[in-house]
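Start from the sequences, fold in the hints, and give me the full structure.
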Amino acid sequence: MKRRLLLLLPLAGFLVLSVFLYQGLSLNPFHRDSALMARDFPEFDLATLEDAERRVDRSLLTTGEVTLVNVWGEWCPECKREMPQLLDLAERGVRLVGISYKDTREKGLGFLEEFGDPFEINIFDPDGELAFELGVYGAPETFLVDADGVIRYHHTGYIAPGEVREKILPEVEKWR
Amino acid sequence: MLTQMIPEIGHYALVIALLLAAVQAVMPLAGAATRRPLWMAYARPMAAGQLLFVAIAYACLTTSYLLDDFSVANVANNSNSMLPWYYKASAVWGNHEGSVLLWSLMLAGWGYFAARFSRELPRDMVARVIGVLGLVCVGFLAFVLITSNPFERLLPNMPQDGADLNPLLQDFGLIVHPPMLYMGYVGFSVVFAFAIAALLGGRLDAAWTRWARPWTNLAWAFLTVGIALGSWWAYYELGWGGWWFWDPVENASLLPWLTGTALIHSLAVTEKRGAFKSWTVLLAISTFSLSLLGTFLVRSGVLTSVHAFANDPSRGFFILVLLGITVGLSLLLFALRAPRVSHQVGFTWLSRDALLLINNIVLVIMTVTVLMGTVYPLLLDALDLGKISVGPPYFNALFVPLTVIMCVFMGLGPLSRWKRMNGRELWRRLGGAAVAAVLIGAVAPLLYGGEWNAWVAIGLVAALWVVLPMLRDLYDKARGAPSWLAGLRRLSLAYWGMQLGHLGVAVTIVGVAVVSNYNIERNVRMGPGDSVQVAGYTFTMTELTSRRGANFLADRAVIEVQRDGSRRSFTMNPEKRLYIARGMPMTQVALRPGFFRDLYVAMGEDLDDGSWAMRVQFKPFVRWLWLGALLMAAGGILAVADKRYRRLATARDPEARGDAKPREAAA
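Sequence order for the protein chains is A and B. For the first sequence, UniProt numbering begins at 1 and goes up steadily by one. For the second sequence, UniProt numbering begins at 1 and goes up steadily by one.
One or more of the hints may lead you astray.
[Said to hold, decoys possible] Using C-beta positions, here's what the derived DEER-type ranges look like: (1) B/G431 with A/L9: 39 to 47 Å; (2) A/E50 with B/P392: 44 to 52 Å; (3) A/L8 with B/V321: 36 to 44 Å; (4) B/P392 with A/G110: 22 to 30 Å; (5) B/Y448 with A/Q23: 48 to 56 Å; (6) A/W175 with B/G328: 54 to 62 Å.
No lab work stands behind these hints, which were simulated from the structure alone. The beta carbon of each residue, even a glycine, is placed where N, CA and C say it ideally should be.
Here it is, written out as structure tokens:
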């Protein structure tokens, strides 16, 4: 009997390990969130996509309004699928600012013409400087910035149709 | 149009394959349990059918890539019309969905060949083995279809062009490394299936180990090559000259390799001596379980790693369930069915049995060390004790001494005898080797520029201690024969396999010890006309140019290299590439490989005055790392080729000279 119990040891060890693995799964698949959360949106000084002469900086995001900052690119298929949801958000009165990430001006404007433009303004970031500061490593990514320009929520990847009401709107309400 | 339907055809083929796999799992297992030959006879045709349909699905996905069908999300996200065709074909496995499909294809392939080459096995054994493999296939195919469908379409907004394959992956390494690695991982499913079949059938004798051994050796050889290719790729591709980073994903491949190495040796003991039966079964289960655990760690995103697959918690959950069912049930079965009373086979502490037991224990301690280091950050995070990462210092502090301990026993093993051995006889045969290893190992680092280093000395002593006794053994064996050649010819392939495998370990150890301690690295600012001296070579930047590749733009430096005291010079061309589609910069290292040293030049950042930050490295013996791994794998394959495995399984062969000694190995 004693030996039989001994043979159960591997199983017991594995069960303990799987509990931890399960926890790890539900914890936070995106470790880097914690690095940005509750921090000020980084400083920047870039031109807008719409007008090469006009430069914008961080004051764009400290207007006293909650803003969704969306990183997109013409080259990114997921961004195209995301546009209807962003247009929906804009229609519901959410302020959106875009970051045109690693694109040419021509392609970026063409994209907005084709898929619609939910953004109040688009920051033109052809070299990914600002995106680098934000720790972006793919598009689309979306940051929720509160009235004082502090990052409050980070959505990695495409916002699915269901997530507009389940995730994004509640977060917007929470920080308004 | 038929071509427009290709993704759907692939999808349907995958569904059919899943159904066939389900039949392959249920019928033979039920047949074996109820002794119905007709049901058991489902095993082979189903295995063949499943392979056929997974292959069709795989071919469809590859075709979609080659035809630039960007309406398929997987293609749009990972390929581009400008990508060369061979990268299009290998981009299939450069992403999560496609790589799981490749994994399933290989699983089906191993299953088919296991079914094909098992004609002489008892019918119920074959039925159980193929049934268990069918179960594993069901799990993976369901995983592909439910969470990771590679045929998903992007309609109606299909992109004009794809997002391109990650430039890091646009390399020969992508073509060879993942398939080799997966062949290894998946190959261990066969020995796993044999072990489970033996548990199910209650036939835990030595017979199953004999059938399982060639499969295990083959899978192990693939895994060895796969890991070595990964290390080599990281070395020249990532641009900082490291060859092993103790990254969670690297560790995930090392874990099954370590237990697989232990398994190879333990199988030998079980087959030859009937000992360690439960232990061997447990190792077989663990090895495959660790392969699955590696999959989980890579694809669930619970650990951060450079091998960034698109992370998706729902996938992670699915794999965890899969892992739980497979491993949990196997270990439960093990607890219930493993022999209750251990069948004691007598041996003394100075015998091959004992030495192999110690070897196994050391390998398992290594496995636990690596496993703990890999999941420790996860445990802390789960217990809310903070976020940390375990770095190379932890691994090196434990792994290096364990390897040295292992080498001590590796030197003794091949010369020892089963059951018991006379200590005096062992000393007579090994004393000379021991003295020579210590003397040569301690003095050799002095010859290397006179810069003595204790770690290099220890590494050399360990490597020599592994090699010299084997030479002595060869000498003893050849001496007894009429002529040297005749004596050597009489040795079996399995014996040569063991020799080669152990030699490989020694070669790798030399490489690791020397390159880790005698590596020279200089980071310098260089513009045209500047030069730098590293380890007796003068590197002069003669020119900065640029060029255009198929899908990238590159800044290119022309570096003239001259060895001191030599008149001949050669050029090296490091590049900094900008991949157009993703706008991603990449470092293309310039390498001058050599048997005793590599020269390594990488471009860092461009500085404002037109010069560049350059990284120049001199890496002695770095090739030995991978050469050793190739020797180990060659050893494994030689052992598979041994004719004893092709004889009828029932025939016990006479105790041939030095036959089928197992290989022992360490990292």
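Each hint, compared with the structure:
1. B/G431 with A/L9: 39 to 47 Å: holds (41 Å)
2. A/E50 with B/P392: 44 to 52 Å: Given range 44 to 52 Å: holds, Cβ gap about 49 Å.
3. A/L8 with B/V321: 36 to 44 Å: Given a distance of about 22 Å, which is not inside 36 to 44 Å, the answer is violated.
4. B/P392 with A/G110: 22 to 30 Å: For A/G110 against B/P392, whose Cβ atoms are near 48 Å apart, the range 22 to 30 Å is violated.
5. B/Y448 with A/Q23: 48 to 56 Å: holds (50 Å)
6. A/W175 with B/G328: 54 to 62 Å: violated (43 Å)
Of the numbered hints given earlier, the model fails hints 3, 4, 6; all others are met.
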